[in-house]
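> Okay, so the sequence shown: first residue is 23 according to our numbering, each after it adds one.
One thing to keep in mind: the hints can contain errors.
[Stated by the list, open to error] Listed next, the in silico SDA-like pairs over lysine to any residue satisfying Cα-Cα at most 20 Å (straight line): (1) K69 - M23; (2) K69 - T30; (3) K73 - C28; (4) K73 - M23; (5) K73 - T30.
The set of hints was computed from the structure by calculation and includes no laboratory data.
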Amino acid sequence: MATVVCVTVTRNLRLAEAPGNVLLAPNGSGLADESVANVSQIVTLNKRDLKERHGAVAPATFQMVESGIRLVLGLDA
Numbered sequence: 023m024a025t026v027v028c029v030t031v032t033r034n035l036r037l038a039e040a041p042g043n044v045l046l047a048p049n050g051s052g053l054a055d056e057s058v059a060n061v062s063q064i065v066t067l068n069k070r071d072l073k074e075r076h077g078a079v080a081p082a083t084f085q086m087v088e089s090g091i092r093l094v095l096g097l098d099a
């Protein structure tokens with residue numbers, strides 16, 4: 023598959039309060055600043071447009087992001 027589905031990541035910490043969003047700590051994500059995975063902003067990107075990795079999350083954090091995506095898509099209803 024030539025594409026990947028992503029959520030946006032922002033430094034707007036107020037968005038951490040939104041249902042499903044996940045606060046990302048710098049020491050657990052490799053990001054320079056505390057950030058928020060904004061699960062309500064799902065995007066599809068072409069893999070060839072991705073140049074470098076800016077960070078990664080632990081499996082437990084990834085599960086929280088997945089749960090947030092399921093919440094905003096209504097898949098847990």
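> Would you mind marking each hint as holding or not holding in the structure?
Checked hints:
1. At most 20 Å may separate the alpha-carbon atoms for a hinted pair to count; K69 and M23 meet this at roughly 9 Å.
2. Note on K69 and T30: the hinted pairing holds, with a Cα-Cα distance of about 15 Å set against a maximum of 20 Å.
3. With a C-alpha separation of about 15 Å, the suggested pair K73 and C28 falls inside the 20 Å cut-off, and the hint holds.
4. Our distance criterion of 20 Å between C-alpha atoms is met by K73 and M23, whose separation comes to about 17 Å.
5. Between K73 and T30, the direct Cα distance comes to roughly 16 Å. Compliance with the 20 Å bound is thereby established for this hinted pair.
Of the numbered hints stated above, none is contradicted by the structure.
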